Amino acid sequence: MGRELAKTYDPQGIEERIYKNWEEKKYFHAEVDRSRKPFTIVIPPPNITGQLHMGHALDNTMQDILIRFKRMQGYNALWQPGTDHASIATEVRIINNLKEQGISKQDLGREKFLEYCWDWRKEYGGRIVNQLKKLGSSCDWDRERFTMDEGCNKAVTEVFVKMHKKGWIYKGSRIINWCPVCNTSISDAEVQYEEQAGHFWHIKYPLIEEDGSISKTTFLEFATTRPETMLGDTAVAVHPEDERYAALVGRKVWLPFVDRQIPIVADEYVDREFGTGVVKITPAHDPNDFEVGKRHGLPEINIMNDDATINENGGKFCGMDRYEARAQIVRELDEMGLLVRIEDYTHNVGTHDRCGTTVEPLIKQQWFVKMDELIKPAVKAVKEGDIQLIPPRMEKIYYNWTDNIRDWCISRQLWWGHRIPAYYCDECGEVVVAKEMPEVCPKCGGRHFTQDPDTLDTWFSSALWPFSTLGWPEKTEDLDYFYPTNVLVTGYDIIFFWVIRMIFSGFEQMGEKPFETVLFHGLVRDDQGRKMSKSLGNGIDPLEIIAQYGADALRLTLITGNAPGNDMRFYMSRVVASRNFANKVWNASRFIMMNMPDEGSEAMARLEALLAADGVPAALAPEDKWILSRFNTVVREATDNMEKFELGIAVQKVYDFIWDEFCDWYIEMVKPRLYNTDDEDKRSAALWTLQTVLRGSLKLLHPYMPFITEEIFTTIQSEEESIMISSWPVYREDYSFPHEEEAIGHIKEAVRAVRAARAERQVAPSRKARVYVVSEEEKILSEFEENRLFFDTLASASETVLQSSKDGVPEGSLSLVLSFATIYLPLADLMDVAAEIARLEKEVKRLGGELRRSAGMLSNEKFLAKAPQAKVDAEREKQRGYEAQLKGVEEALAQLKAL
RNA sequence: GGAACCGUAGCUCAGCUGGGAUGAGCGUUCGCCUCACACGCGAGAGGUCACGAGUUCGAGCCUCGUCGGUUCCACCA
6 MGRELAKTYD
16 PQGIEERIYK
26 NWEEKKYFHA
36 EVDRSRKPFT
46 IVIPPPNITG
56 QLHMGHALDN
66 TMQDILIRFK
76 RMQGYNALWQ
86 PGTDHASIAT
96 EVRIINNLKE
106 QGISKQDLGR
116 EKFLEYCWDW
126 RKEYGGRIVN
136 QLKKLGSSCD
146 WDRERFTMDE
156 GCNKAVTEVF
166 VKMHKKGWIY
176 KGSRIINWCP
186 VCNTSISDAE
196 VQYEEQAGHF
206 WHIKYPLIEE
216 DGSISKTTFL
226 EFATTRPETM
236 LGDTAVAVHP
246 EDERYAALVG
256 RKVWLPFVDR
266 QIPIVADEYV
276 DREFGTGVVK
286 ITPAHDPNDF
296 EVGKRHGLPE
306 INIMNDDATI
316 NENGGKFCGM
326 DRYEARAQIV
336 RELDEMGLLV
346 RIEDYTHNVG
356 THDRCGTTVE
366 PLIKQQWFVK
376 MDELIKPAVK
386 AVKEGDIQLI
396 PPRMEKIYYN
406 WTDNIRDWCI
416 SRQLWWGHRI
426 PAYYCDECGE
436 VVVAKEMPEV
446 CPKCGGRHFT
456 QDPDTLDTWF
466 SSALWPFSTL
476 GWPEKTEDLD
486 YFYPTNVLVT
496 GYDIIFFWVI
506 RMIFSGFEQM
516 GEKPFETVLF
526 HGLVRDDQGR
536 KMSKSLGNGI
546 DPLEIIAQYG
556 ADALRLTLIT
566 GNAPGNDMRF
576 YMSRVVASRN
586 FANKVWNASR
596 FIMMNMPDEG
606 SEAMARLEAL
616 LAADGVPAAL
626 APEDKWILSR
636 FNTVVREATD
646 NMEKFELGIA
656 VQKVYDFIWD
666 EFCDWYIEMV
676 KPRLYNTDDE
686 DKRSAALWTL
696 QTVLRGSLKL
706 LHPYMPFITE
716 EIFTTIQSEE
726 ESIMISSWPV
736 YREDYSFPHE
746 EEAIGHIKEA
756 VRAVRAARAE
766 RQVAPSRKAR
776 VYVVSEEEKI
786 LSEFEENRLF
796 FDTLASASET
806 VLQSSKDGVP
816 EGSLSLVLSF
826 ATIYLPLADL
836 MDVAAEIARL
846 EKEVKRLGGE
856 LRRSAGMLSN
866 EKFLAKAPQA
876 KVDAEREKQR
886 GYEAQLKGVE
896 EALAQLKAL
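The opening residue of the first sequence carries number 6 in this note's numbering; numbering runs sequentially from there.
None of these hints come from the bench; they were simulated from the model. These figures come from a predicted structure and were not determined experimentally. Be a bit skeptical, because a hint or two may be false.
Claimed, not checked - Below, a list of computed lysine-lysine pairs in the DSS-like style, where the Cα atoms sit at most 30 Å apart:
#1 Lys170 - Lys299
#2 Lys117 - Lys104
#3 Lys139 - Lys12
#4 Lys385 - Lys369
#5 Lys176 - Lys117
#6 Lys440 - Lys480
#7 Lys440 - Lys31
#8 Lys117 - Lys127
#9 Lys139 - Lys31
#10 Lys704 - Lys139
#11 Lys385 - Lys480
#12 Lys176 - Lys31
#13 Lys299 - Lys388
#14 Lys139 - Lys480
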């Protein structure tokens, strides 16, 4: 039956072959099917500039697990894939590429540049997709989308025009964050603050005397970290209740270099305690000053060009770079005696998260989305539990943002992206926002228009992703059937950029939430807990891990031992452990295959009949029932955990079950029957159990380790064509054997005790050992009398004898007290009686303690009244167990002491 | 300045609505190449669950405080 399996599992080649087969068979593809329930996930679209990194690997593994799980459960599972144009990331990348050839984007011009971008996308845009495939991602690639494809463009325009009509998109002159290197505005979320060592320049402005002359004696002192902005000062401010300066409010100071007289205003924004209590106000170059300026009607003087050089408003500093001007200004102020002192100062400087350039706040005409109304349903949905965030603590972070929301600056001075659908009449300048360029100006009748040169923030199109990918704004069947989606899986780092924006967009455009649940994961860090980054060079390439250890090992590593939303450290040793587990599964399967009856034999026919009948064979041995029952429990628990998105816990249970219970115990227990061909009924019962539990376990494991499970599954059986479209195991009553679970638990305990006793006394494995068992549960043990071989294998006790009475137990045997029986090992000559007595005495003490604790609980009225009945019963059960053990230990103690 | 998270075995982390620390992987000690697997098997050692107080019959889990670490938000000129 099937192919020969190699001694160790080698994923090389296997994964590719399997993935290709899945794709060819269209297993990933989902179509609208009203007879089945849909389960939808939309992928967080990776950037086309991207290379698969550990973050992607984690994110997509989680999604693939969920989608495979649900697909096996019978849902019509759709994983909608696609990529993001990533306007600024891509543009920066391409500009750098061009630079190497000595070309600037201006040289090319807009049209040529965009052509270049599209070519670039054609060449590299598919790379990340291929890498996702290597990971095993079961996305419906037939539905692959791109944020700048025709449908998404349509959606973007539709939303822009609609929201503009509603008044929720507007153009305004605001202070924005400007990146002088990328030459574009950026949103608040794109600004990253970094602690930088800088200086605090204490400067003074002379007061204007009543007669209009510049005072030589009275000055107003203040401090600044950016002296060059003084060229744009239009006031100085003090606190309204600051008595020191009360008399000066309303008067003016003289501004050097530009020779301006600027007023002293009173504003609550000023902190009296900080510095001298005086602040220079530069409305055009500082967000706070901008607000102050608005309150006092101050002029806004822009002193900078887009490349952060000083413009004509800066007088003689015109043309200088901002830092050059700063140095020059400080020098000249010093010469004029207006520089008081320079102080070292560490402060937070805003930098652009893409290029690291210090951001310059500037006043610019930009497009904004009005947030106050838009955000309301998004807040409500989370508050009322309509959208569930996992882990729940993310809600606080979510509200922290929504409560302090500011209008969203959506225009970018870039070329690669969705161009803003606003058109300016060449005649009169009238602005028309429309899906297409208008023919006639509604104001002046002009016939020539120029489109706004700006493009939209890249997140504008991603915000529409859950419905634009399903066909919106058309009313498609897909949209009706698959929307809202079920889960969004993403990192907490883009909760503001993306998650919130998708939520409010969903409500606004669709009238419904975009997804039911958001499952957050953390960052994958290196083994020292540092962020993986290009500059540190500490990144681990998931593709290299896949090449060396296989995608399954990588996936398992990423998913185990980590709670939702928590960062994780990546250790190579854990990858090795995962690979070892894969090999374990491989070898257990190999063992089972090796023991299968020959094709066409009578035994094979018998086994096939058993497997075909959907019941439980009559000839099952207790250990068969035990493993079946344990498997059944794992099915229930793992499924339950997965439903609750506790993926790591679920796979841990499956892992433990397969390795510990199935491989280390059951397979060892079953060997005697496999090697004994005399009783074919018992042998086929064993084979049936091995097959049933193995197949079921592979299914439970499949979402996590899709390749190896498929490879084994298709090898060990022939009726189902692929594990990925097989059905998920369900809990079934006829697989439940609580009595056998308990009995085998006892056997395991006995075996462990024998092994421990032997190891402790270093009894050579070749040495024969007898085991005498005196049990209160003779029946359980008698059932295992025939399994002597099992004891041989595990305890290396070649003459294990199970007896049901104390008769014949040699004097001086080592007694091992178990929870259900006492075992005697005739090892008197090897044992340390004194140590054993000490151990037993300790045990008596411990059991006494347990009994007191138990009695305390059971005599507690509150506990009896409040605790669930099951708990009370369990406690009573424990108490009885303690009593029995105590009795046994005391007996054994007495016996030893008598020696 | 505001907020969140973490502090459990040598290391990295799990521990569900409070009820025996069965913890897991790696590492480590001892013994095994037992005919599925040395990417393995068996047996161990190793924990005042950061510290202090409180609530409770009972706290790793709840409350408050302290110490140590990480992160997010806002950004004071």
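* Any of the earlier hints contradicted here, and which numbers? -> Hints 4, 7, 12, 13, 14 not satisfied by this model.
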